Amino acid sequence: RYLAKNVVAAGYAEGCTIQLAYAIGVSKPLSVYLNTHGTGKAPEHEIAAALQKLVNLSPRGIREHLKLSRPIYARTAAYGHFGREPEPDGGFSWEKLDLVKDLQKILG
8 RYLAKNVVAA
18 GYAEGCTIQL
28 AYAIGVSKPL
38 SVYLNTHGTG
48 KAPEHEIAAA
58 LQKLVNLSPR
68 GIREHLKLSR
78 PIYARTAAYG
88 HFGREPEPDG
98 GFSWEKLDLV
108 KDLQKILG
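Residue numbers (the working numbering): 8 to 115.
Bear in mind the hints are in silico, worked out from the structure with no lab data behind them. These figures come from a predicted structure and were not determined experimentally. Among the hints, erroneous ones may be present.
[Stated by the list, open to error] Simulated crosslink set (SDA-like; lysine to any residue; CA at most 20 Å straight-line):
id: 1; residue 1: 48; residue 2: 100
id: 2; residue 1: 12; residue 2: 56
id: 3; residue 1: 48; residue 2: 36
id: 4; residue 1: 74; residue 2: 52
id: 5; residue 1: 12; residue 2: 115
id: 6; residue 1: 112; residue 2: 28
id: 7; residue 1: 48; residue 2: 104
id: 8; residue 1: 12; residue 2: 72
id: 9; residue 1: 35; residue 2: 108
id: 10; residue 1: 74; residue 2: 105
id: 11; residue 1: 108; residue 2: 11
id: 12; residue 1: 103; residue 2: 45
id: 13; residue 1: 112; residue 2: 35
id: 14; residue 1: 35; residue 2: 52
id: 15; residue 1: 12; residue 2: 65
id: 16; residue 1: 103; residue 2: 50
Take these sequences, add in the hints, and give me the full structure.
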């Protein structure tokens, strides 16, 4: 969700689906599948490559990037955990749009 939201907010698609595939014992994803459902403004493989440059997509890298090791779960227990505004203390970090400028810089 976080990556797809940033792709859409950067203006490279109207909708975006991203799937990451992992194998046991391998930290980096074996596959990064990105589909803009025919709405892409840049080639899908270029968008996927840009995201991989910006974010460490290993499970540990994602956990560290989104700061998921902090105890934020009580806040997510009520009213859902998607579609909320990011909080100043880092809560709901997966809703941030902090990759937009960097994506635009890489993809032009």
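- Query: Against the structure shown, which of the earlier numbered hints fail to hold, in ascending order?
  - Reply: 1, 3, 4, 6, 9, 12, 13 and 16
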